[in-house]
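Trainee: If you read the protein sequences in the order shown, they are chains A and B.
To get this note's numbering, take the position in the first sequence, counting from 1, and add 2.
To get this note's numbering, take the position in the second sequence, counting from 1, and add 934.
Hints listed in this document are in silico derivations from the structure and should not be mistaken for laboratory results.
Facing chain A, according to a computed beta carbon distance under 7 angstroms, are these residues of chain B, among others: (1) 958; (2) 959; (3) 963; (4) 991; (5) 1058; (6) 1059; (7) 1063; (8) 1085; (9) 1087.
Among chain A residues calculated to face chain B with C-beta under 10 angstroms, some are: (10) 3; (11) 4; (12) 5; (13) 42; (14) 47; (15) 72; (16) 75; (17) 76; (18) 77; (19) 78; (20) 96; (21) 101; (22) 125; (23) 201.
Just so you know, even glycine gets a beta-carbon here, dropped at the ideal spot from N, CA and C.
Spelled out, the chains give:
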Amino acid sequence: MLRRRVIPCLDVANGRVVKGTRFVDLVDEGDPPELAERYAAEGADEIVYLDISAAPEGRGTLLDIVERTARRAFLPLTVGGGVRSVDDMRDVLRAGADKVALNTAAVGDPTLLAACARRFGRQAVVVAIDARRNPAGRWDVVVRGGRESTGLDAVAWAERAVELGAGELLVTSIDRDGTRSGFDTDLLRAIADRVGVPVIASGGAGGPDDFVRAVVDGGADAVLAASIFHRRIHSIAAVKEAMAAAGLPVRRVPEAVA
Amino acid sequence: MLPVRPTGAAARIAVVDYGASNLVSIDQALTRVGAVVTVVREPDAIGDADAMLVPGVGAAGPAMERLARRGLVDPIRDWIAADRPFLGICLGMQLLFDGSDEDGTTTLGAIPGRTIRLADAPTLPHIGWNQVERLRPHPLFEGIAPDADFYFVHSYAGAPTEDAGATEPIALARTTHGGSFVSAVARGPLIGLQFHPERSGRDGLRLLANYVELVRSGAWPSGEGAAAGAPPAADAAAAV
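Bound conformation, chain A alone:
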């Protein structure tokens, strides 16, 4: 039976893991491949790098850390942030990533999705959707870290993205992101019920039970979190234990190497 995945997300800027409020007050937290290897040993099912480098010169550094990660972690690796063309995606995959998450560029030019899926297969194309609740009780797609609204309905965009070639959706609630108040399970459910591809829940992880709710109530296939793992508030093992206790299939955390 297919396992429900637990995925740590690392924010990366100029080749280093950073934390702090997204995009501002960044604090250097170390070497991405080193952290990825630690997460792999702790039972991560996948690793996501979100490149938030402001400057274009961060790109070469990103490819270098992707390559070093592929050499050490031996886990599926998804890279998001700043991928704007088929060639960008090719470079990231060639460096050793398995999947690329497209966000702003896909919203701006949906044909990019189709082109990437045709070239690399839809399994390599993740569409990242940042969604914010609107007064009508629906969700708007936002870009640039939530600072800009697109006027697109998140559920409609999710369906369209899958039609165009998305093999997976990474759905982030901007309302919940960084709040540790739990995932927006209504948003997840609204999307999961309308698409046949796996949905990764993101934004709002506070404790192990939130992961259970994202799967049980939200219908998510995988659950992503950053700060609670980063700051060691909860371990991946504790999250998986809670999921297993709730009857969800999870991959065992590998035993520590002596």
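Guided by the hints, dock chain B onto chain A, whose structure is given.
Mentor: Here is chain B on its own, set in the frame of chain A:
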């Protein structure tokens, strides 16, 4: 995990590069378990490799086209026909069959059967970790727990037509995602894996270490007496 090297001569594995995106991770994982990897883009580069590996993710059509453009289709067919060690991973396994329902492409025809869409799958693509239920013992899985999970990314899988006269079925393992499908095949030195050992953590590395040891020892199960020809646990495998 510490880097490990097998004792004795290293296995030389020719990894066929036709633009498949998982080549880098396969190269790195094989190197990690002590193999010497040659990336092959043209027939002459195959040289005197001990084994050939075809990776791949995605659809059969573009893959066969690229292999054909590089003049690699016949060398691969000849290699398999000569009973030399061959490993196909993911799409590389699917290409072993007669053809693919995904786009109607005719593939290598080394294993009777077709690549078909996963039946009754709750989500597609089938992405994530899933169990690989072994149908018979095989040294490839030496030292790996029976309920170990491996990483999958695909929507189609090869469905072998079993030969009633064969001493044992070609299907080596199966996996369930809605319906069940064949997730590994083995016929002597010909092996296909639908999952990605290069992305399956320590168990995946162990499987590749077992593979490399099989290539080195040549002790492929013959089909008569199942795993009777299993090699002793290799130093390399034991250390992963």
